[in-house]
Amino acid sequence: MSAGQVSGGSAGGADRPSHVTTHVLDTARGRPAAGVPVELVGPDGTSLARALTGADGRVPVLGPRTLAPGTYRLVFDVATYAAASGQDVFFPRVTVDVAVTDAAGHLHVPLLLSPFGYTTYRGS
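Numbering (UniProt numbering), first residue to last: 1 to 124.
Just so you know, these hints were derived from the structure itself, not from any lab.
Treat the hints loosely; a few may be bogus.
[To be verified] Pairwise CB distance ranges (calculated):
1. Arg31 x His108: 27 to 35 Å
2. Gly45 x Ser85: 16 to 24 Å
3. Asp44 x Ala104: 30 to 38 Å
4. Thr66 x Thr27: 28 to 36 Å
5. Thr66 x Arg29: 33 to 41 Å
Cβ coordinates follow ideal geometry from the N, Cα and C atoms, glycine included.
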């Protein structure tokens, strides 16, 4: 899979945004984190979609356009990114659980990486 490419879910198109999007930034280097593998996992543990962050650190489409209410998981493979960029890694995998309450709403979940920590929040 190349950066920005998605497997699973429905890609839709630029005019049809995904329910879940993300943006990963490498705060130590001051730039987007390109090539981070990201997986969306459903409430039952089924993988719904996988993607790599693009050159801008974004995954604009991840999974279907609508999600049933429940708890979903975003899994960021930080070890793969760190190895490719020649960095050490303390947290090789970042897992973020999010509660979906609005089946048609949009969730944007940014991830800010640093050598020994990370920050995430609900974006817009």
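Quick rundown of the hints versus the structure:
| no. | hint | verdict |
| --- | --- | --- |
| 1 | Arg31 x His108: 27 to 35 Å | violated, 19 Å |
| 2 | Gly45 x Ser85: 16 to 24 Å | violated, 30 Å |
| 3 | Asp44 x Ala104: 30 to 38 Å | violated, 21 Å |
| 4 | Thr66 x Thr27: 28 to 36 Å | holds, 32 Å |
| 5 | Thr66 x Arg29: 33 to 41 Å | holds, 35 Å |
The structure is inconsistent with the numbered hints 1, 2 and 3, although it conforms to all the rest.
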